[in-house]
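Asks: Sequence:
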Amino acid sequence: MKYIYNLLILLTLLASTSSFALNLRPGDVILIELRCYSCSIIADETNSRFSHSGVVIGKQGNQIQVAQAFGPVHMTSLENFLNQRVKGTSALVLRSDELKASAKELSLEFNQSWKGIPFDPNYTWDNEKLYCSEFVAKFLEVFLGPVLPPKPLDFSRNWDYWSRVMYPVPQGKPGNSPGDLERSPIFFHVGEID
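For the sequence shown, the numbering used here assigns the number 4 to the initial residue and increments by one for each residue that follows.
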């Protein structure tokens, strides 16, 4: 009997986690651990397990769409977005109570102003390219105002690595990270997707 009871609890938890994605709202931010060496360095540098971020835009048919700056800024299905993460890790969903934009408004803004902007591998805030968390902050700024300002970037923890892959290293330049989104007071943690 105890076995059946425990099995029912486990199935309930699994069902609630797997169906959680159905409760996502336009404007929700999703953080994941991306599968790449640089990504693990980013997570270490920023004291967060997360190295990538995206924004829920709405639905296309029955597929939830997430906008991301991974390559040129584009939308992908939630399933594809989550498949980019390290196997066995959960995604964190963040939400702002201040965001009142509809899926239609988010989609229109995305398609008119953000779609196709090139990826920024040098993590610079003030150029014509975007990296993931920069895109999230600047995109949501349209609807929330300047609530996610950049801060001075610090690459000193893994300086040897960064100095080999970037020139110049944007030490002290303005920017942000998925960890900054995770810790931002404008978001609350909705839950995790396994």
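Calculated directly from the structure, the hints in this document are not laboratory data.
No residue lacks a Cβ here, since even glycine has one placed at the ideal position from N, Cα and C.
Among the clues, some could well be false.
No more than 30 Å apart at the CA atoms, straight line, and that leaves these computed lysine-lysine pairs for DSBU-like [what the hints assert, rightly or not]:
{"#": "1", "residue 1": "Lys118", "residue 2": "Lys132"}
{"#": "2", "residue 1": "Lys154", "residue 2": "Lys132"}
{"#": "3", "residue 1": "Lys176", "residue 2": "Lys62"}
{"#": "4", "residue 1": "Lys132", "residue 2": "Lys90"}
FRET-style restraints, in silico, Cβ to Cβ [claimed, not checked]:
{"#": "5", "residue 1": "Gln115", "residue 2": "Gly148", "range": "28 to 36 Å"}
{"#": "6", "residue 1": "Pro173", "residue 2": "Asn50", "range": "16 to 24 Å"}
{"#": "7", "residue 1": "Asn65", "residue 2": "Asp100", "range": "20 to 28 Å"}
{"#": "8", "residue 1": "Ser43", "residue 2": "Lys176", "range": "17 to 25 Å"}
{"#": "9", "residue 1": "Lys62", "residue 2": "Asn125", "range": "21 to 29 Å"}
{"#": "10", "residue 1": "Arg28", "residue 2": "Pro152", "range": "37 to 45 Å"}
{"#": "11", "residue 1": "Asn83", "residue 2": "Asn125", "range": "35 to 43 Å"}
Asks: Each of the hints needs a verdict: does it hold here or not?
Replies: Going through the hints against the structure:
1. Lys118 with Lys132: Answer holds: Lys118 to Lys132 is near 11 Å, not above 30 Å.
2. Lys154 with Lys132: Measuring from Cα to Cα gives roughly 18 Å; hence the hint holds.
3. Lys176 with Lys62: Distance ~36 Å between Lys176 and Lys62 Cα, so the pair is violated.
4. Lys132 with Lys90: With Cα atoms ~29 Å apart, Lys132 and Lys90 stay inside 30 Å; holds.
5. Gln115 with Gly148: 28 to 36 Å: violated, 19 Å
6. Pro173 with Asn50: 16 to 24 Å: Taking Cβ atoms as reference, Pro173 and Asn50 lie about 18 Å apart, which means the hint holds.
7. Asn65 with Asp100: 20 to 28 Å: holds, 27 Å
8. Ser43 with Lys176: 17 to 25 Å: holds, 22 Å
9. Lys62 with Asn125: 21 to 29 Å: Violated - the Cβ-Cβ distance for Lys62 and Asn125, about 34 Å, lies outside 21 to 29 Å.
10. Arg28 with Pro152: 37 to 45 Å: violated, 24 Å
11. Asn83 with Asn125: 35 to 43 Å: The hinted range 35 to 43 Å is violated for Asn83 and Asn125, with Cβ atoms some 26 Å apart.
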